[in-house]
Amino acid sequence: MSKGKVMLGMSGGVDSSVAAAVLLEQGYEVIGVTMQIWPDDGEEKRQSEGGCCSLSAVDDARRVADRLGINYYVLNFRDVFQQKVIDYFTNEYLAGRTPNPCIACNRFVKFEALLSKAVSMGIDYIATGHYARITRDEVSGRYLLMKSVTAEKDQTYALYTMTQYQLQRTLFPIGGFKKDQVRSMAREYKLPVASKPDSQEICFVEDNDYGRFISENTDADIKPGHFVDMEGNILGTHKGIIHYTVGQRKGLGVSFGKPMYVAAIRPEDNTVVLGDADEIFATGLTASDPNFISIEELKDEMRVSAKIRYSAKAAPAVIRPADHGRVEVVFDEPQRAITPGQSVVFYDGDIVVGGAVIDGSI
Amino acid sequence: MSTGNIYFDHAATTPVKREVLEAMLPYFEEKYGNPSSVYSIGRASKKAIEEARESVAGIIGAEPREIYFTGSGTEADNWAIKGAAYANMKKGKHIITTSIEHHAVLHTCQYLESDGFEVTYLPVDEYGLVSPEQLEAAIRPDTILISVMYANNEIGTIQPIAEIGRIAKEKGIVFHTDAVQAMGNIRIDVSKLNVDMLSMSSHKFYGPKGVGALYVRKGTKLTSFIHGGAQERGRRASTENVPAIVGLAKALELADKNMDHHNEKLIALRDRTIREIEKNIPFVRLNGHREMRLPGNVNFSFDFIEGESLLLMLDLKGIAASSGSACTSGSLDPSHVLLAIGLSHETAHGSLRITFGDGNTDEEVDYLMEVLPEIVQRLREMSPLYEEVSRK
Chain U
392 MSKGKVMLGM SGGVDSSVAA AVLLEQGYEV IGVTMQIWPD DGEEKRQSEG
442 GCCSLSAVDD ARRVADRLGI NYYVLNFRDV FQQKVIDYFT NEYLAGRTPN
492 PCIACNRFVK FEALLSKAVS MGIDYIATGH YARITRDEVS GRYLLMKSVT
542 AEKDQTYALY TMTQYQLQRT LFPIGGFKKD QVRSMAREYK LPVASKPDSQ
592 EICFVEDNDY GRFISENTDA DIKPGHFVDM EGNILGTHKG IIHYTVGQRK
642 GLGVSFGKPM YVAAIRPEDN TVVLGDADEI FATGLTASDP NFISIEELKD
692 EMRVSAKIRY SAKAAPAVIR PADHGRVEVV FDEPQRAITP GQSVVFYDGD
742 IVVGGAVIDG SI
Chain A
181 MSTGNIYFDH AATTPVKREV LEAMLPYFEE KYGNPSSVYS IGRASKKAIE
231 EARESVAGII GAEPREIYFT GSGTEADNWA IKGAAYANMK KGKHIITTSI
281 EHHAVLHTCQ YLESDGFEVT YLPVDEYGLV SPEQLEAAIR PDTILISVMY
331 ANNEIGTIQP IAEIGRIAKE KGIVFHTDAV QAMGNIRIDV SKLNVDMLSM
381 SSHKFYGPKG VGALYVRKGT KLTSFIHGGA QERGRRASTE NVPAIVGLAK
431 ALELADKNMD HHNEKLIALR DRTIREIEKN IPFVRLNGHR EMRLPGNVNF
481 SFDFIEGESL LLMLDLKGIA ASSGSACTSG SLDPSHVLLA IGLSHETAHG
531 SLRITFGDGN TDEEVDYLME VLPEIVQRLR EMSPLYEEVS RK
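For the protein sequence lines, the chains are U and A, in the order given. Quick note on our numbering: the first sequence kicks off at 392 and runs consecutively. Quick note on our numbering: the second sequence kicks off at 181 and runs consecutively.
Pulled out of the complex, with its shape left as it was, chain U reads as follows (with noise of 0.2 angstroms):
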């Protein structure tokens, strides 16, 4: 007896390959999609690939999905990535802020778009080869995201948008295993994919030059201005602000005699503001845009520890709620580089409670 149907995100790497071969072990009924989220190609570069919609993905997908014996579709969200992901990715550096794509395609594509897609379906859950796990909270009823139990793989700050009705109806298959387990497992299974290299970079920005990607995704001029001190000093110039991110020190393209670093970009005056080492830390943040999951508003304070990027350690803080429904956060000791765009995201041990946009530094 089938414990229910779910719809797998299928991207053609190791994780969401033994998602799927764990799905069906515990009973599942797996039906895999790989989203088709490119946008139109010219005929060349169709060409280069190898196809009409042909990304290596697909093929990898689909003889995961064949090696399995599972239904197996390629579905177009073209559409909406291309709004919620390429385009938000392109307006908030021409703001001079810092975005974070694999939330916005987390939060807008796969947990809204496939979601929905699939409950239209009547399939009953949808899953991905995300690291976390989705717990229930006895005493509350709530739904909570936890860390994976592969503390250096885990991705829970890519998914703090998260609300209860998704939480509900997601299952992250490989979050209660490690990375060396997963990747024994897609060798047991035979999986065609076992040996494939994770992914790092920006899906859709080709050689990770994102500065090349904006100019040409955006009519907007992207023009060169100056280097700024913190007194408004002229230093230099620089190539234009999307090129630019708070705390950044290689690839400033001028040298001043000392290690200086991005301290705020400032696209009203087409400035880029320059700071030394020091002058980047800073004790607190306000951010916006703020969603809770392990409760269900931010009432008081509350002590959390908070990661500020992907890549960063959670340290220590205390969060409060702010005016227009934001979120003040005030660390125990002051944090490097503090990026407007990115999210902050807070934990209480293991569970996550929630995050938001930071909005600057305070």
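Hints are computed from structural coordinates only; laboratory data are not their basis. Wrong hints could be hidden among the right ones.
[To be verified] Once the Cα atoms are required to be at most 16 angstroms apart in a straight line, the calculated EDC-like pairs of lysine to aspartate or glutamate come out as:
(1) A:Lys437 <-> A:Glu199
(2) U:Lys396 <-> A:Asp495
(3) U:Lys587 <-> U:Asp600
(4) A:Lys497 <-> U:Glu420
(5) U:Lys704 <-> U:Asp741
(6) A:Lys445 <-> A:Asp538
These figures come from a predicted structure and were not determined experimentally.
Take the given structure of chain U and dock chain A to it, following the hints.
Same frame as chain U, but now just chain A:
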């Protein structure tokens, strides 16, 4: 729940008929000779090909020497269009085709555009019909080729080929028709139709995949397509795929012999399905023409839903159907044919093509009509637009 596998996608491909397979089998193991060889088993293969050629020619009113076997219908289209374009380019570089051709024709024309040719893509009316008057008006002194498909693969509309042929003949312009979908469903006589070139594909009429044919009226200027041997009168070199060619001919003979019965049966299934969908499901639109239509073709747009989800749910219920032409990865773009007959992007996205064939039964249509209204209803329940409309 599922009654197993129901195949409603005969415009995509058809199963090989038992008699066809049996006709092919000796040419794999016993009569494997190369048709170009002088000894006995070579000659046996040669004889099989020439008999196949005669048979195909006889069925379409051509002479055997006017039939060239190819590797597919797409290849036949490519050859006809590129071959006629390059052979006649000193006369002119203008080609007329339609906006609803198969990509085998459209993309070939686009390729020629990048090589200095000019192409007029004629519009079609809301039923997908080309206007012979518009076609005539598009002809210029430098027009060297007209290519209009016999019947459309998505919406099944059958074009006024005889009328177009008459115009082309009057003006002395080479006329090609892509008859890949028509072959086996419509009796075709190239001499009566004034067609100069005609493409067909074996796997659309219960023959094997990987083989097609191009009819080329003698005297039609055409460059050679594959160089490197004397096969197909030196114009399409390659050792012949003997079993496939035998299979094509056998399949066409059977299709020709059974055509009346076959069409009668398919038209009954088609008209019943159209009637019942229109009766049982609101907010639908039949795409294509009601009469000028391939016998097995049903194509509907369902407002407020995505064809993608519909196909997927039908597949999960064991029904194989299609939503316009799917590309190789299986993902779906709005069909250029549905856009050409005036559908919006949204409506085009919500379309379903059912194409009946020999093996289909009334019981299978019963099952379709049991599950389809439910699926459409379920998908519509998720649509905010539908909610708005149904409340009114």
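Looking back at the numbered hints, which does the structure fail to meet, lowest number first?
Failing hint: just 3.
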